[in-house]
Every structure is written in structure tokens, then in C-alpha cells.
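Please put together the full structure from these sequences, using the hints given.
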Amino acid sequence: MTAWDALRAALDSLRANPLRSALTMLGIVIGVAAVIAMVAVGAGAREQVLRQIASLGTNLIMVGQGSIVRGGVKLGAGTASSLTEDDALAVLSEIPGVVVTAPSVRWGLQIVAGNQNWGTVLFGITPDYMDARDWSIAAGHGLSDVDVAQANKVVVLGQTVVRNLFGGGDPIGEPVRVFSTPLTVVGVLAEKGQNTQGQDQDDVIFVPLSTAKRNIPGMAKSNPRFIHTMVVKMRDGADMADAQAQIRDLLRQRHRLIPGQDDDFWMRDLSEVSATRDASSRALSFLLAAVAAVSLLVGGIGIMNIMLVSVTERTREIGLRLAIGARRRDILVQFLIESTTLSLIGAAVGVALGIGTAMGVAELAGWPTLIQIDSVVLAVVVSGLIGVFFGLYPARRAARLNPIEALRHE
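Heads up: the sequence shown begins at 1 in full-length UniProt numbering, then just goes up one per residue.
These are calculated hints, taken from the structure and not from any lab test. Wrong hints could be hidden among the right ones.
Quick list of the computed label-pair ranges, beta carbon to beta carbon [as the list claims (entries may be wrong)]:
| id | residue 1 | residue 2 | range |
| --- | --- | --- | --- |
| 1 | Ser-144 | Pro-175 | 14 to 22 Å |
| 2 | Val-99 | Ala-245 | 13 to 21 Å |
| 3 | Ala-289 | Pro-175 | 53 to 61 Å |
| 4 | Asp-239 | Gln-116 | 28 to 36 Å |
| 5 | Ala-289 | Gln-116 | 44 to 52 Å |
| 6 | Leu-364 | Val-99 | 26 to 34 Å |
| 7 | Phe-389 | Gln-199 | 30 to 38 Å |
| 8 | Asp-242 | Ser-180 | 43 to 51 Å |
| 9 | Phe-286 | Arg-316 | 25 to 33 Å |
For glycine and all other residues, C-beta sits at the position ideal for the given N, C-alpha and C.
Structural data, given as C-alpha cells:
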């Protein structure tokens, strides 16, 4: 009996009981579909996290104002005002591996253009901020060192602000107003999208740091060197944990904090955000993988049960084949091909269902998905191995039947 003959016999057997065959494949179908959908959703989520982290900039440490204590009450982050431009210069000059330090101030306010207005966030920055955060310019130009030195009244707008103030028009050279301060639009930022917290990074405006301090009401005037935050960009391959520890020690020394006293600033390594989100994604992937593994196991047991039933039902047929010269190996191969075919057909249906599920999730829930060919191939291979493994016992049982007793079977 050739392999082609064995395959045709296996397919004839499956066609003879289509409903039973379909129900037998159900576990395999669900398992394979779960594997593909799980990998697609997990890979898409990781890809989105990486894009969001990249949009924030790479190798970054954020430093911001900490909390002050009044009457034993901690007033919360942002209430301290000890962080200054001089701290940023000290970090740049004294901490090895620092490429850029970018001090900034920020303020939520209304920006007005003609008869349109929009609530956004103003950042007073230096040109280094654009480099540290990997911001690029879509139109016009960015802020320069001359703008900061002369406190020029110029502004660079984010894409969300441009859409709400100018619609489809070109804002370059147009006047806008913040409180009573007139500003001229000199550039438009390239689009970045949401960050890891879901905040719109394009809903911002950038002005020179000196302009923000001198002309924007509400900015602290008691210390002209005051800043809200600074972004520290490290060189590639730098030890971020060690750099963070060195920056903390330097700032505590500069702020004259005694041992045991709380920091009056906060620090955040953006790689920690990436690791946390990636760990959550892996946990979800492991959970879905467990579901898929159980489904495949149940499918394999179902195949074994149905094959055992098939051996019992076809005992006389097996005896007849053995009696007219079929080798036990032929019987073994036929039943193995039958169980493997069941698994592979189930895998093919599962692949289609898994891809459809992943695309449906992307369309309906708005979740990013990424179909990976290696996961499809792995699911199909594992399904075939399940067919062989769980079909082996029924196939061996069929091959070991005594021809005479098999022919007597009713």
C-alpha cells in the first residue's frame, strides 16, 4: 500500500463521517486559532509599546520637581521649586555619558489665532530639548539658540494645535496670542501620536525657555533660573541605573539635602516604563498560550478517542486487509495518516480563524495586531505532531489485531 493509497483511504474514512470528523477537529481548530490570535495581538502590543517609547526619545532620564513638606504634610510632586537651569548644566558637565540635558518649563493655557482658540500645553524649551526627545520639524524651522538668548517671541506648534486653530491652512508666519503675548509661528512639529500613558504628544506648543519665563503669566519669577523638568539623554549603551544614581547624588549635593532627607525632585528612567509594559504584554501572552495549549491537548485527546472508536468499528475491515496480505506497517501508516490529516485540516481551519480573529480585533477594538508567519508555521507543525502522537496508540492497536479474531468480530 503506497502513501498515496493510505492518504486516499484516510480521506475516504473522514468523508464517511463528516460531522464526527468536524467535531473531532474542533479542539485543534480552537487551539491553533488561539495561538495565532494570541501571538498577533501580543506582537502588535509590543510593537506599539516600542513605537511609543521611541516617540518619547531613547536613553532618556526625566528629572522633575519633587514635593515639599509643610506642617508635616507632603504637598505632592511639582510643589518644590529647587530645580534650576544650573542643575541641568551641572549634570551635563559632571556626569559621564550624558549627551544632552534639556531644561524646560510647562504651562496649560489657551492659545488664540484669529477667532479660533484652543487649550493646550506650552513648553518653554532650549533647542537641545528637540534633540533629546527626537522631535522633528514638518514645516518651517525649530527654535534656535539665538531665540533663547534674545527671548524672541516665536512659537512651534504641534499637529493637534495646527488642526484646531488653522484647519488645513499653512500656519507658518501667522500670528498667535498666548494671554496678552503675541507670538509668530515659525515651525510645525512632525506628528508623534500618543505616548505610553495615552496622552496626545501633538497637543503642545514650544517657545524659547527665556520667552516663557519673561512673558507667560504664572511662571515663577522669584528664581529666574527655575525649571519644571529636565530631560537627560545618555549615550547608547550607558548603564541607566548607574547614571540615575549619579544624577541623584549630584542633585542632592547641589540642593544641600542631608542624609535621610527626602529628595526634592523625582526621576524616571523611560526604559522602566518599556519593561513594565512589555512584562504585562508577556503575561497576557502566557495566559493565552496556556489556553491554546489546553485546547490543543483536548483536541489531541479527542482525536485519540475517535481513532479508537474507528479501530473498533473497522475491526473486520482491518482483519480482511491483513488476511489478504496487508502488512501491519500498512495498517499503522493508514491510521497515522488519518489522525494526522484530521489534525492538519483542523490546523488549516484554525489558521484562517486565527487570522480572521486578529483582523477582527484590530478593526473592532482598535488594538494593534501583527500576524507573524513563524507562529502560523509553528501552530501547523505542532498540530501535525499532535496528530502523530495521539494517533500512534490507536494505530498500533489496529496494526496488532489478530486477523482471524478480527474477521470474527461482529
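| request: Against the earlier hints, flag every one the structure doesn't satisfy and list their numbers going up. | output: The structure breaks hints 4, 6, 7 and 9; every other hint is satisfied.
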